[in-house]
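Trainee: Generate the whole structure from the sequences, applying the supplied hints.
Residue numbers (the numbering used here), protein chains in the order written: chain A, 1 to 467; chain B, 1 to 262.
Calculated directly from the structure, the hints in this document are not laboratory data.
Incorrect hints may appear among the rest.
Stated by the list, open to error - Distance ranges between label pairs, derived from CB positions:
no. : chain 1 : residue 1 : chain 2 : residue 2 : range
1   : A       : Asp411    : B       : Ser82     : 51 to 57 Å
2   : A       : Ala231    : B       : Pro217    : 56 to 62 Å
3   : B       : Glu60     : A       : Lys323    : 55 to 61 Å
4   : B       : Gly161    : A       : Leu278    : 58 to 64 Å
5   : A       : Gly413    : B       : Arg49     : 52 to 58 Å
6   : B       : Glu67     : A       : Tyr277    : 38 to 44 Å
7   : A       : Leu286    : B       : Pro84     : 31 to 37 Å
8   : A       : Lys351    : B       : Arg243    : 54 to 60 Å
9   : A       : Arg24     : B       : His65     : 37 to 43 Å
10  : B       : His65     : A       : Leu466    : 20 to 26 Å
11  : A       : Asp411    : B       : His65     : 28 to 34 Å
Cβ atoms here follow ideal geometry from the backbone N, Cα and C, with glycine treated the same way.
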Amino acid sequence: MKKLTLSHLGNFSHSLDTAVYHIRPRFVEEITEIFAFARENDLKIAPRGAGRSYNDAALKGGGIVLDLSLLRCVQAWDAETGILRAEPGLTLETLWQYILPDGWWPPVVSGTMKTTLGGCLGMNIHGKNNFKMGTVGENILEFDAILPNGKEVTCSPKKNSKLFHAMISGMGMLGVFTSVTMQMKRVYSGLVNVREWNVPDLEAQLYALLDGAPRNDYIVGWLDGTARGKALGRGQIHAANYLAKDEDPDPAETMRVDFQTLPDTFFGVVPKSKLHYLMSLGLSNLGVRAVNTAKYLVGRNKSYQQPHAAFHFLLDYVPDWEKSYGKQGLIQYQSFLPKETALDAWTEMLKLSQKRGLPTYLGVTKRHRPDKFLISHALDGFSLAFDFKITNNNRAKLSEMVQDFDKIVLDAGGRFYFAKNSETAPEIARQYLGNETIENFRKLKERCDPQNLLYSDLYERVFAPLN
Amino acid sequence: MTEIENKLPTATPLRPKKRAILVGASSGIGAALAHRLADEGFQVALLARRAEMLEKLTNEINSKHGETRVIHYIHDVTDYKSVPELLKKIISDLGGLDTFIYNAGVAISVGLKSYDFEKDRKMMEINLLGALAWLNPVGELFQNMKSGQIVGISSVAGERGRVGSPAYNTSKAALTTYLEAYRNRLTRYGVNVLTVKPGYVRTDMIKNVENPFWAIPAEQAAKDIFKAMQKRKQEIYTAARWRWVMFIIRNIPSFLFRKLTF
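Mentor: So, in structure tokens, the structure goes:
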């Protein structure tokens, strides 16, 4: 390999940065060479897709970041069956643009289309339809991977099933995906029917998700973290459904990529690439409270049709939105709670955050169902994701608060998500994953990667101390 | 080269860590700076030749904080060839690098009538060439990263050539100039280069000096240096009053300076 130099690399939420050997292989064959290089030079490797995790999942300070974003070929596409086979660096953006004109849509997508297939599998992402379609892993028919022990494996729900269910959700720590085969979802229009309505408090919010999920293809809630008292947890619900066959008079038109593309300007005037500067002005406790209150007050019960891309990829609506959180970046704290305990636990957490002067600037709720993957975050209940702005003055307070949150969530039988939470301590992970899961993961790790070559900062922080 | 296999706690967004390499850490300003950096939450790789002192310092600092904040590496700065590999290893162990501090230095007393190439060479090797061996790969790294801070502990002694210490003066003058050149090279890449010019500091180095005037404790020097690092200053004197003293000394005409005996 040619001489490598360390370069600067951070995470998506601008909350961590470090020096890494950033390597972008162009051929699958190079992955084996990179393993050998790491072994010879006593370096660790963190695989990286689009680097959209909010923590240290795709970083290895002082080590190698194996960036798979250039391995992005679609290897096979069958427009009759909706089965696609692609390399792991393919982004959801390219994916949907590839398949939508043929009348298909990815069964599960994240809130941004910038993520890669490999990253989606590694973190076993979910979408606003988790209650219906499960996590992305449940829609994977098969994948190929190279393991650090030199083996090349093919896994499916039936073949090498244990490894299949561990590599998907395994945070890239067992092997590197080289090819992914996935079943797409048939759609009959480029539009979805959307309905939105206000909910006056947390109880109403959770009930809307619970009640709405069986009757909708997608459902998601926005939560106003600044509302207090009786309005605690108020927000807006967005539910969406696919159009039935023949409901769209001109599906060929609405399924065109151009039709889906998000507009470049806000209100037709402000260039969206500059919008994050404007947003940063409002990102204070007072500013967010004003914006949230206005958003809630103008919220009406309404129905409309929206392109898939506009409904799903809200996070891409404002490019570089994360920069509006300033130089210190943000943390995201997502907790998953059983439907029986969610109301009390999140009420306590919302009150706590307000009491400590650290209200969340964005709250998002979703409905979930459990899955069979090893490092699973999902359960029969709900999730609530919080965004917190980091400042030099609030770090210690915020750190203390998320530790208090962890206790509340664990006591309520909840779980966490390793693509989001950045502060989860090893013991917290053990408590919610359980010793058996940790042990199974350790055994697989030993088998697939006996020399611990795959060793992201996340793995070092949370899992290594548990072994 | 050995190393204590202690794991440094990993950084998180809410518990960020600054990572530093401190070359020449076992005593004097280096040891005081090691304490200071660890007190301020840095994770520091301590490098020095004297194993026993370095181990003692490492244990002292880590037990004070109840966690691993410093790790150490036995290193002779004149072993130039080992530097690139060692740097790579330390960055891997620290998980990154934000600050590099070169503090290694010796002042070997030479009599007014002594002409000793071996002594002179030793000072040049430790004070200057060792610094160059480290600053080259570190400079390249920080230029690539477009961030970082380099701190060089030079000396007020580098500002004039004096009767009693030709090689020491030369080594520090060269180091100061080298750091200035790096500052001019790297500032445009967002890298800060701080030159520290201590006057007398109460360390082993000045134990043979008869009347070290205005000598400050090493802890005071470390405090000044850390403050300057935080403010991303270009150059400081410690104690600060040396700036004015040196202004005068720099401007003493040569025909007078030749007659002085210090």
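Trainee: Which earlier hints turn out false for this structure, listed by number in ascending order?
Mentor: 3 and 7
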